[in-house]
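> Since the structure of chain A is provided, determine the placement of chain B on it from the hints.
Read off the chains here:
Protein chains: 2
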Amino acid sequence: MSEEFQTIQSIGSKGLLEKISNYDAFKNEKVTQSIGDDAAVIKEDGGNLTLLSSDTYVEGVDFDPTYTPFNHLGYKILSAGVSDIYAMNGKPEAVLVNLAVPNRMSVQMVEDLYQGIYAAGKLHEVEVVGGDLKANHANLVVSISVYGKVDEEHITYRKGANEGDAICITGDLGGALAGLRILMREKKFWEEHGDESIQPELGDYQFVVKRQLVPEARKDLVDTLREQNFIPTSMIDITKGLVSEVNSISEASDLGAYIYQAALPIAIETRQVADEMQEDVDRYALFGGEDLELMFTLSEEKVEEFVNHFNDFVVIGRMVPKEEGMKMQTAEGDVVSFDDLS
Amino acid sequence: MSEEFQTIQSIGSKGLLEKISNYDAFKNEKVTQSIGDDAAVIKEDGGNLTLLSSDTYVEGVDFDPTYTPFNHLGYKILSAGVSDIYAMNGKPEAVLVNLAVPNRMSVQMVEDLYQGIYAAGKLHEVEVVGGDLKANHANLVVSISVYGKVDEEHITYRKGANEGDAICITGDLGGALAGLRILMREKKFWEEHGDESIQPELGDYQFVVKRQLVPEARKDLVDTLREQNFIPTSMIDITKGLVSEVNSISEASDLGAYIYQAALPIAIETRQVADEMQEDVDRYALFGGEDLELMFTLSEEKVEEFVNHFNDFVVIGRMVPKEEGMKMQTAEGDVVSFDDLS
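Top to bottom, those sequences are chains A and B.
Letter by letter, the first sequence follows residues 433 to 774 in the working numbering.
Letter by letter, the second sequence follows residues 433 to 774 in the working numbering.
The set of hints was computed from the structure by calculation and includes no laboratory data.
Warning: the hint list may mix true and false statements.
One copy or two, either will do: identical chains are not told apart, so a pair holds if it fits within one copy or between any two.
Here are the computed lysine to any residue pairs in the SDA-like style, where the Cα-Cα straight-line distance is at most 25 Å [claimed, not checked]:
id: 1; residue 1: LYS459; residue 2: ASP564
id: 2; residue 1: LYS620; residue 2: ARG703
id: 3; residue 1: LYS672; residue 2: THR439
id: 4; residue 1: LYS462; residue 2: ASP477
id: 5; residue 1: LYS459; residue 2: GLU557
So that you can see chain A by itself, here it is in the shape it has in the complex (with noise of 0.2 Å):
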């Protein structure tokens, strides 16, 4: 094994969780799903399906504190653990919140944190069962890891789509990478003009905004799925961006995609945000992440009926044979690969 100091960054985070799921390791017979899919699922006796997720976000890195109240980013990081769980088609439990929290945090910031846990725990129907707050001499750390059910009939992979498959898109995208543009901006402007200045009127571009920070998970999607007897052939929650998110589920389906570029929702105040930065608008959101919107696939007869039932999605595109490879159709016309796209 090579002595030389490897840094995380020159093989990425995906290439290190490979590495490491190489391993000869332990393998539970019950756990049909490991690392791989917005959620693991665990077979129990019963029959029925556990889900389990888990994330981080660190201060710093993930959040800005300087922009973001404490209970919008208890909010965001409940709807964002919960959301892995629709992404599978599951209903979400319980929680369970770790902390490490730096001194200069107040008893009242805590509060504030898990009063926006709280507040995304009730919508979602969620408890919080457990977790742990350490003590940290550095920045604020936050863990949050989902228990959901679901039975074997409606589970959802990454896995399942078919050639010819809608691929399809709840509400818009792009949103949450506008709001945190603006945000962005004022903090610069803030630092730039120190506390003397007019606080900048967010108003403008609440929209946006509250997509960033106050993101919603897609319950209502999940909900109508089951009550109407539908289930996607595959589903996942956009996170990364659709980019990453349509290659995530053609890799994982062994197929290839074609996108419209076209057909991409994008609100209208995602639009003004990126005239006004004089950026590609098409850019956020095909790169944007942390809308929390589910992207599913479903049978082109499906998605006709299903458009009674639940009418907040678009089809952006379909599902094509592997050798085919990750296309998209321009606004013009043409066609670009994928890889093209950067």
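For chain B alone, kept in the frame of chain A given last:
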């Protein structure tokens, strides 16, 4: 609500968690035990129980990388995680590991950490089924969440102890703290004498250093309880120290406790370290944490039977009526209150 900055230290993490758990939050009727035991307990449809627990370890607070090899750290974190499941008389099945990793850590260091996790995972037959890897600009923070199972017949809470029950402890106490004292002394020596000094010989202290760095969770006790069909009336693992754990069992069971100082199980190696440090070894046993031993209560008759099947435990006291409080009979025969022990 007060606008003053109230430090977390001023109310303690326990006080803060109490504040938080009094909030108006969603309650899931499937949750039969929330915050307040070694693990949360959730009832499955089939009738069996799911156990969930999670812990956080902060570099510079919970571990010091100058004397903690990363593979040991991984081993210890997994062992402490499964210990919470054993404390409920359960079987650990799977874990999720979350890392916030500073960029001064190499790929090899993270691999070492996982090697330790996997080594302990094999021993305890748990699979690493997921988690998260994030960059941190500050220190290493590790969270582990453990999923375990137990049936309703075997689950052991903190709250089930009966008056007259014997208080039993596996293994021995204070070893992990003795190991920590040695490692801290050696660190100070290195810092004062620099790199040119001879590496210290830890061979004489191998027993206690191992107790600190690679403690063993007591799977053997839980396996034997199951095989021989014994069910403790209550159980907890030794992570905060004996006095704290006896208090937790007594409080949860609404009883008092009477402990015999002379009965505290202390290894000869632990005594030698305390002597060398000119410290009181009984304080190591009473207040030292992280031993990962199990403390359990059982009726006297059952203890007499159980000793035929498992011999690495001793009786250190009895559960008494609540009115009699928390007391310890010293080796000299005096009776002191827990409150006077600190």
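> If a hint holds in the structure, say so; if it doesn't, say that too.
Evaluated hints:
Only between protomers do LYS459 and ASP564 lie at most 25 Å apart by alpha-carbon distance; the minimum there is 19 Å, versus 27 Å within a single protomer. For the identical chains of this complex, LYS620 and ARG703 are intra-copy neighbours only, at 22 Å inside a copy versus 59 Å across copies, given an alpha-carbon limit of 25 Å. In the homo-oligomer, the alpha carbons of LYS672 and THR439 lie at most 25 Å apart inside one protomer (22 Å), although the nearest pairing across protomers, at 36 Å, exceeds that limit. Taking the shortest alpha-carbon separations for LYS462 and ASP477, both the intra-copy value of 9 Å and the inter-copy value of 17 Å come in at or below 25 Å.
Taking the closest pair of Cα atoms, LYS459 and GLU557 come within 25 Å of each other only across two copies (8 Å); inside a single copy the shortest separation is 32 Å, beyond that limit.
Figure legend: structure checked against the earlier numbered hints; every hint is met.
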